[in-house]
Amino acid sequence: MESHSFQRNYCYNLKKLGLPIEPSILLIRPILRDGQLSATLAASDDVLIHRIAQGDRLAMQVLYGRHHVRVFRFGLRLVRDQQLAEDLISEVFLDVWRQAGKFEGRSAVSTWLLAITRFKALSALRRRRDVELDEEAADAIEDTSDDPEVTVQKKDTSAVLRQCLSKLSAEHREIVDLVYYHEKSVEEVAGIVGIPENTVKTRLFYARKKLADLLTASGIERGWP
Amino acid sequence: MVAGKKMTEQTPEEIELLLPWHAAGTLSARDSRRVDEALACDPELACQYAAIREEYAETIDLNESLGAPSGRALQKLFAAIDAEPARQPKPSLNVATRLGSFFSSLSPRTLAWSASLGALALVLQAGVIAAVLLHGQPASFETASLSDSETITRDIGATPPPRALVRFAPAARISDITALLDKYQASIVDGAKGGMFRLQFAAVSKDEFAKLLSRLQGEKIVSLAAATP
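Just so you know, the sequences run in chain order A and B. Counted the way the working numbering counts, the first sequence spans residues 1 to 225. Counted the way the working numbering counts, the second sequence spans residues 1 to 229.
Calculated from the structure, these hints are not laboratory results. Treat the hints with caution; some may be incorrect.
[Unchecked claim] 25 angstroms max Cα-Cα, derived SDA-like pairs, lysine to any residue:
1) K210(A) with D61(B)
2) K76(B) with K210(A)
3) K76(B) with Q99(A)
4) K210(A) with A46(B)
5) K76(B) with A217(A)
6) K209(A) with V189(B)
7) K211(B) with Q200(B)
8) K102(A) with P85(B)
9) K206(B) with P161(B)
Bear in mind the structure is a predicted one, so any value in this text is a computation, not a measurement.
My request is simple: use the sequences and hints to build the entire structure.
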C-alpha cells in the first residue's frame, strides 16, 4: 500500500517536473530494495541537480524521495544513533541544495550524497567526542539483540553473521556497506572514503578477515581465512 | 561452510581482493572475466566466493532492517531551505541553451511571423547582392596587363630534348654501349621494355637529330633506332 502511494507521488512529481517516466519506475518496489532506484534513473539525477541549482524545490523533493533512505541507512550505520542519523539527512540534502551549482557530474549523484553523508557523520561524531573508530567504540554501544553465542545456540547462522557485521569497526563497517549494500565500485569507494583504490581493496579484505574472526569467536567456523 | 585458502598471514592475491565486487556485480567486464576464469579453475577461491555471497546477502538484510527515517527529516530540510536566502536562477553560459530558451518563450504565432520576416529579408538581401554584382561587373574578363595588340603567349619552357628508342645488338657489351652513349652524348632515360631502351640526346635541331639518328642506325651494336617523343 505504502509502495503504491510512493510510486503515485513519485510519478506525479516527475510529471510536474517534465521528467520522463521510465517504465522501470513502475516496478521499483517489486524488484528493488527500499530506496534503491534503477540505474536508468542515474542520468536524470543529474537533471534534478541542475534544476536544484536553479532553486527548484520540487526537484529537491524528488531527489530526496529517491535517495533519503540510503543516505539515512549509511549515516545510521556510521553514527549508530537514529536521531542523529535523521538530523544528518537534513544536513546532507541542505548541502545539496546549497552546493548543487558546483556539482560537476564527475561522479554519480548517489556517490556524491554518500561522500557528503560520511563527512557529516564523522563531523557529528567528532562533535560528540565519540570519534573512536575502533572496536571499543562499537562494543560500547548497547546491542539489544541476543549475544552472538546465545544466537548461535539458536542455530541462526544468518543472525550471527549480521551481529558480527555490526561488531565491525566503523572503518570496516563503512567499506562493507559501501561495497555490498550501496554497490559502489572500487573507484567510487576510493572517492567517498578518500583513500587509494588499492587500500580500498585491502581494507575490505581485512574487514572480511575480522568478520571471520568474530564468527569463529561466536562458534562459527567457515574455514576462511 | 568451509571456504577458501588459508591466507591469514599472506598477502592476498589481486583476484581474491576483487571477489566482493564481483559478488556485487560492480566490476568492469574485463575484471569480471578474470575473476570468472579464476573461480572456474580454483575450487578454494570458489569456496571463499560462496562465503562472500553469504556476507553480501546478510549485509543487505542488515541494512534493510534499519528501516526508514521519519517524516521529521523532510520537514526539517524544507524548513531550512525556506530559511535560505531566495535564489536567483543563474543565467546559463551556454549560448545554445540561452537561444533555445529564448525561442521556446515565443508563441507559435510569433515564431511563424518571425520566420516569414526572416525569409523575406534573406530574399531581399540576395536580390540586392545580385543587382550590385551585375551592375558593377564588366561584360568580359579583363586582366590588368592585357593589350588588344598583343597576342597572349605562354612560355611553357624549352623544347624537350630529342629522344629515340634503341635496340642494341644481342652481342653488344656494356663497355660498347657506354662508349656509344658517350659518343652521342646520350643517356638512357627508360629501361629495356621489350628489349628497347629510351635514349635522350643533347638538344639539337630537327635536321641534326635526323642525321644523328641515321648515324646511330649505322652503328654495329645498334640493331634498331627510331625517334620517339
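**Asked** Out of the numbered hints, which ones does the structure contradict?
**Response** 2, 5 and 6
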